[in-house]
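> With chain U's structure known, arrange chain R on it following the hints.
Residue numbers (the numbering used here), protein chains in the order written: chain U, 2 to 557; chain R, 2 to 557.
What the hints contain is simulated information worked out from the structure, not anything from laboratory work. Mixed in with the good hints, there may be bad ones.
What the hints assert, rightly or not - Derived lysine-lysine pairs resembling DSS-like cross-links, with alpha carbons at most 30 Å apart:
| hint | chain 1 | residue 1 | chain 2 | residue 2 |
| --- | --- | --- | --- | --- |
| 1 | R | Lys453 | R | Lys504 |
| 2 | U | Lys409 | R | Lys451 |
| 3 | U | Lys262 | U | Lys4 |
| 4 | U | Lys451 | U | Lys126 |
| 5 | R | Lys4 | R | Lys102 |
| 6 | U | Lys373 | U | Lys451 |
| 7 | U | Lys549 | R | Lys212 |
| 8 | U | Lys409 | R | Lys453 |
| 9 | U | Lys409 | R | Lys126 |
| 10 | U | Lys409 | U | Lys453 |
| 11 | U | Lys44 | U | Lys102 |
| 12 | R | Lys409 | U | Lys44 |
| 13 | R | Lys126 | R | Lys102 |
| 14 | R | Lys44 | R | Lys126 |
| 15 | U | Lys546 | R | Lys373 |
| 16 | R | Lys219 | R | Lys236 |
| 17 | R | Lys409 | U | Lys453 |
| 18 | U | Lys549 | R | Lys368 |
| 19 | U | Lys368 | R | Lys504 |
| 20 | U | Lys102 | U | Lys126 |
| 21 | U | Lys126 | U | Lys236 |
| 22 | U | Lys409 | R | Lys504 |
| 23 | U | Lys236 | U | Lys136 |
| 24 | R | Lys368 | U | Lys546 |
| 25 | R | Lys453 | U | Lys549 |
| 26 | R | Lys509 | R | Lys373 |
| 27 | R | Lys262 | R | Lys504 |
| 28 | U | Lys212 | U | Lys236 |
| 29 | U | Lys373 | R | Lys546 |
| 30 | R | Lys549 | U | Lys453 |
| 31 | U | Lys409 | R | Lys549 |
| 32 | R | Lys409 | U | Lys409 |
| 33 | R | Lys102 | R | Lys136 |
| 34 | R | Lys44 | U | Lys549 |
| 35 | R | Lys44 | R | Lys136 |
| 36 | U | Lys546 | R | Lys409 |
Said to hold, decoys possible - Covered by chain R, per the in silico footprint, the following chain U stretches (three or more residues, Cβ under 8 Å):
| hint | segment |
| --- | --- |
| 37 | 380-387 |
| 38 | 548-555 |
In this text, a Cβ means the ideal position worked out from N, Cα and C, and glycines have one as well.
There are 2 protein chains.
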Amino acid sequence: MSKYTIGIDFGTESGRAVLVEVESGREVATAVYTYSNGVIDEKLPESGIPLEPDWALQDPEDYIRVFQNTIPQVLKQSGVDAGDVIGLGIDFTACTMLPTKMDGTPLCVLPEWRAAPHAWVKLWKHHAAQPEADKINAIARQMGQTWLNRYGGKISSEWFFSKALQILDEAPQVYAAADRLIEAADWVVWQLTGVETRNSCTAGYKAIWSKREGFPSKEYFGALHPQFADIIEEKMTYDIRPVGQKAGGLSQRAATWTGLKPGTAVAIANVDAHVAVPAATVTEPGRMVMIMGTSICHMVLGSGEHVVPGMCGYVEDGIIPGYFGYEAGQSCVGDHFAWFVEHCAPAAYQREAQARGMDIHQLLEEKAARMKPGESGLLALDWWNGNRSVLVDVDLSGLLLGATLATKAEEIYRTLIEATAFGTRVIVETFQQNGVPIHELVACGGLPEKNKLLMQIYADVTGRPLKVSTSSQTPALGSAMFGAVAAGETAGGYGSIYHAAQKMARLKDEVFMPVPEHQEVYDQLYEEYLRLHDYFGRGENDVMKRLKRIRADARG
Amino acid sequence: MSKYTIGIDFGTESGRAVLVEVESGREVATAVYTYSNGVIDEKLPESGIPLEPDWALQDPEDYIRVFQNTIPQVLKQSGVDAGDVIGLGIDFTACTMLPTKMDGTPLCVLPEWRAAPHAWVKLWKHHAAQPEADKINAIARQMGQTWLNRYGGKISSEWFFSKALQILDEAPQVYAAADRLIEAADWVVWQLTGVETRNSCTAGYKAIWSKREGFPSKEYFGALHPQFADIIEEKMTYDIRPVGQKAGGLSQRAATWTGLKPGTAVAIANVDAHVAVPAATVTEPGRMVMIMGTSICHMVLGSGEHVVPGMCGYVEDGIIPGYFGYEAGQSCVGDHFAWFVEHCAPAAYQREAQARGMDIHQLLEEKAARMKPGESGLLALDWWNGNRSVLVDVDLSGLLLGATLATKAEEIYRTLIEATAFGTRVIVETFQQNGVPIHELVACGGLPEKNKLLMQIYADVTGRPLKVSTSSQTPALGSAMFGAVAAGETAGGYGSIYHAAQKMARLKDEVFMPVPEHQEVYDQLYEEYLRLHDYFGRGENDVMKRLKRIRADARG
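Pulled out of the complex, with its shape left as it was, chain U reads as follows:
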């Protein structure tokens, strides 16, 4: 009798459940629930209280509705008996966090806090805590906090303590009323099991925790704000659980929501990007996973601890237990091509695409694929949305060089693709030079399915074979795999994520191999890229920052 496991991936706009056969990894059924309140960035539901710019909230009840809607659906679609579902895993955007009462009740569902913006879930892309992030960084530097090195020297406004401190700064009464401050990832697991747990992935990547050093000191937190000194004891916990463990069994209440059996194993929570790593077959060092969508998240495992300058962070047990999980990122990839199509694709191409029943991206790819490396004479710096690794500088901006009156749209399009590939090569080489070797790339996410030219260019530019995950929903598959691990071997699952990956994760047969003649040209172009990268990115000519200042002045 086949056993099944369910993975649930909480994204920005919706949640997705996938029911997977444990033995084979076959994805049997999928269901999606779009959050009824979506991303809340203009005004609060019901009260209509307006939000400031850069705010982005969510409604925690939407997350419960994901369980209530998608799990019954996948059971029904597949005809699988609830008794054959042995485990459940979830992954979430991060840092997405909320304040709750001691029993897990979100403050925002309580009538007295319903109209308080700070009582709601702060979504990962809530960017209004920049002053708090600046303070966190400045005081860390003043106090010589060595943990800054683990995060490329800078804590983001998106991360946990920036958001928590913003609550304290702007709504001290909400902060005081919050018994718990918790990642939404851990909160939904709490809702499933009735047990509060905290996972090592979000703690490590978003909340300055490490297995060896724990959290920053009370002294440090106190320096940020006197009432912040005891945040860990008061509203969080020192007990951080490695991913791959079981959080608990499904509660009676959650069984009612989902139609699953009470006691079904629920895994410790995970982050959407990181959980995709084993789903892309990677459970060992040397093979970098790239989640390629609007941006790229790069993840690679290392056997030891290495400070790699300019990366997003590294966390022991953060991705796969027993390894250091290293993370890097590029902030503008799919977004880059989308920008180009919206703002620069000429009308004639739009007409041609329409006449041929193609997507404009397909048409541009087709035209761009006819060209040889170097043939456009163009070069770009892929900083349309700043640089996340290795320069870690949001104030950098895009550059296109080499244009002539003969330059065509597809040449610019191809150049933007190449620029993002050069950006990835900088990351790969920086890891390699700092003790984290990489000999193969594994791609997953939305882009690899759509654009073969892009895949070939990444292989050619990095000089490494590039493989592609078979699953088009790797985060959900990864969560399902962790569900099977939480269930354990005796229940028909797996003893570890390594074993689960061997059976359940798969790559496509097609491998993109670097073409030596392409590599030769791209090596020359990369040298030019690096020179411009350092000239504009490392302080020799800060024109990009000065232009942003002039722009800010002009806008008043």
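Relative to chain U, chain R alone:
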């Protein structure tokens, strides 16, 4: 009784006659004749002999047809009596040159040379003489020829001796059969008057002649090719006549073609750009004329001789007798905006323009005009077609910097306009720093009529008032003015081009004054422009040249 004068402007595709009232400069009638053989760049007429790439020829009989068609037309349209037309002036593209027999018969009309490409008129944009230009420059440097300084250190493949040497190199029999090698400008005056003359403008700007030093030495010409040593004596003349003089009276034959009276005064020939200077009211130092179309030609008068680095050239008596005429240029202006609209204007804007019955340029201008200087955060180097002044380097290419995911098409459009204005400011300041002061700009050509934003930006960026010529056909008006000067005061014309300009040339009332708040921002942006200009343009980072080499290799 009113007197009249006719100016004829020979362009790339057609010739245009304007009949003008001498006293007021009022343009009474205009007629255009489109060359029946146009630009010959694929195969010769009749014989069908194919041409190599980069060739561009014309048919000299088309020029005669301009006289035969347009002059009778303007007489008819205006009802002016031929006896009241006192003078005739012409201007031409340059260097546009041809080989003829001693009596002026073009070689290409003779049956024995009809199928020889080198026997035809070489149009200004014939670019196949680059090897000859390279040789001219290399040997000049070897031999320490000081005249190179007059031309920014480089002779163009478009100029007279490059083209003449190509005839000798590739078709020695045509070279031998040519009794005369002559600018088309001078050739059409010869056809009108029966007298061969050579004008100081084309000789100075295109044929390395100067009033004080004459032509390069026989020794130098001989070093290019033994048979080239005596080119001046054999096929040209040392007798160069300043513009503003009378070439002769209309011949009986030309009177028959045109319907004008035999003996009507014909002026010494002129170049289309340079002849526009007095038509734009400028006959004294300090006011720079910009002919703004696909490219910009900048002209300013100076009282003394100054070597201004990186300019196209300066010629004593070259524009206005008694002054040094300084010329500079930008190779990509209107072309730049046309490129943008063709290759980068998004489909949505094309639809909006169509729906509102506007030209897409107008729409982009409207949107761009809503922005403040510096508000886009963008900066560009306007080198899409290389740099003609002051870097004199065709291998430079375009750069756009500062793009973000929020960058809109109109912001890029405005930035390209600003970049061309910064390019003009570099020229203005280089003149100023080298003893040729400029306190005002006067624009003419196609662009100023169309784009007020562009005019304001040029005023703001250069910090100088910008005025616009009233005439939309300044070259033809200028030629007509020189016709009135050739006729002289006694015939009802003018004693000098200064007097003619005072009476016949006019500027629009609207003056674009620099706005101090704009200047402040543009001064900051100009500083950034200059730094990038020097970094990429003066050898610190030759990435643009290396990309062009990589491109050439890739194209095989």
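> Compare the structure with each hint and give your call.
Here's how the hints hold up against the structure:
1. Taking the CA atoms of Lys453(R) and Lys504(R), the gap is about 27 Å. The hint holds against a cut of 30 Å.
2. Among the hinted pairs, Lys409(U) with Lys451(R) is consistent with the structure: their alpha-carbon atoms are about 26 Å apart, no more than 30 Å.
3. A threshold of 30 Å between alpha carbons decides the hint, and for Lys262(U) with Lys4(U) the separation of about 14 Å falls inside it, so the pair holds.
4. Between Lys451(U) and Lys126(U) the CA atoms are separated by roughly 26 Å; this keeps the pair inside 30 Å, and the hint holds.
5. At roughly 37 Å between alpha-carbon atoms, Lys4(R) and Lys102(R) are farther apart than 30 Å, so this suggested pair is violated.
6. Pair hint Lys373(U) plus Lys451(U) holds up; C-alpha atoms about 20 Å apart against a cutoff of 30 Å.
7. Only pairs whose Cα atoms come within 30 Å are accepted, and Lys549(U) paired with Lys212(R) is rejected, the gap being roughly 52 Å.
8. Proposed proximity of Lys409(U) and Lys453(R) is supported: the alpha carbons are some 28 Å apart, at most 30 Å.
9. This hinted pair checks out: Lys409(U) and Lys126(R) have alpha carbons roughly 23 Å apart, not beyond 30 Å.
10. Between Lys409(U) and Lys453(U) the CA atoms are separated by roughly 21 Å; this keeps the pair inside 30 Å, and the hint holds.
11. With a CA separation close to 24 Å, the supplied pair Lys44(U) and Lys102(U) stays within the 30 Å bound.
12. Taking the CA atoms of Lys409(R) and Lys44(U), the gap is about 27 Å. The hint holds against a cut of 30 Å.
13. Between Lys126(R) and Lys102(R), the direct Cα distance comes to roughly 24 Å. Compliance with the 30 Å bound is thereby established for this hinted pair.
14. Between Lys44(R) and Lys126(R), the direct Cα distance comes to roughly 16 Å. Compliance with the 30 Å bound is thereby established for this hinted pair.
15. Only pairs whose Cα atoms come within 30 Å are accepted, and Lys546(U) paired with Lys373(R) is accepted, the gap being roughly 18 Å.
16. For the hint pairing Lys219(R) with Lys236(R), the CA-to-CA distance comes to about 13 Å; that is within 30 Å, so the pair holds.
17. Between Lys409(R) and Lys453(U), the direct Cα distance comes to roughly 28 Å. Compliance with the 30 Å bound is thereby established for this hinted pair.
18. With a CA separation close to 21 Å, the supplied pair Lys549(U) and Lys368(R) stays within the 30 Å bound.
19. Using a Cα cut-off of 30 Å, the hinted pair Lys368(U) and Lys504(R) is violated, with the two alpha carbons roughly 58 Å apart.
20. Pair hint Lys102(U) plus Lys126(U) holds up; C-alpha atoms about 24 Å apart against a cutoff of 30 Å.
21. With a CA separation close to 22 Å, the supplied pair Lys126(U) and Lys236(U) stays within the 30 Å bound.
22. In summary, the hint linking Lys409(U) to Lys504(R) is not supported, as the alpha carbons are separated by about 48 Å, beyond the 30 Å threshold.
23. Proximity of Lys236(U) to Lys136(U) is assessed by CA-CA distance (about 21 Å); at most 30 Å being required, the pair is judged to hold.
24. Simply put, Lys368(R) and Lys546(U) have alpha-carbon atoms about 25 Å apart, close enough for the 30 Å limit, and the pair holds.
25. A distance of roughly 27 Å separates the Cα atoms of Lys453(R) and Lys549(U); the hinted pair therefore holds under the 30 Å criterion.
26. Between Lys509(R) and Lys373(R), the direct Cα distance comes to roughly 26 Å. Compliance with the 30 Å bound is thereby established for this hinted pair.
27. For the proposed pair Lys262(R) and Lys504(R), the alpha carbon gap of about 25 Å is at most 30 Å, so the pair holds.
28. Taking the CA atoms of Lys212(U) and Lys236(U), the gap is near 19 Å; set against the 30 Å cutoff, the hint holds.
29. Between Lys373(U) and Lys546(R), the direct Cα distance comes to roughly 18 Å. Compliance with the 30 Å bound is thereby established for this hinted pair.
30. For the hint linking Lys549(R) to Lys453(U), the alpha-carbon distance of about 27 Å falls within 30 Å, and the restraint holds.
31. Among the hinted pairs, Lys409(U) with Lys549(R) is consistent with the structure: their alpha-carbon atoms are about 16 Å apart, no more than 30 Å.
32. Restraint check: the Cα-Cα separation between Lys409(R) and Lys409(U) comes to about 18 Å, which is no more than 30 Å; the hinted pair holds.
33. At most 30 Å may separate the alpha-carbon atoms for a hinted pair to count; Lys102(R) and Lys136(R) meet this at roughly 27 Å.
34. Between Lys44(R) and Lys549(U), the direct Cα distance comes to roughly 53 Å. Violation of the 30 Å bound is thereby established for this hinted pair.
35. At most 30 Å may separate the alpha-carbon atoms for a hinted pair to count; Lys44(R) and Lys136(R) meet this at roughly 27 Å.
36. As the CA atoms of Lys546(U) and Lys409(R) are separated by approximately 19 Å, the hinted pair is consistent with the 30 Å bound.
37. Given as covered by chain R, the segment 380-387 of chain U passes the check, having 3 residues with a CB less than 8 Å from a CB of that chain where 3 are the minimum.
38. Remark: the segment 548-555 of chain U is confirmed as covered by chain R, as 6 of its residues place a Cβ nearer than 8 Å to a Cβ of that chain, reaching the required three.
Taken one by one, the earlier hints fail for this structure at numbers 5, 7, 19, 22, 34, listed in ascending order.
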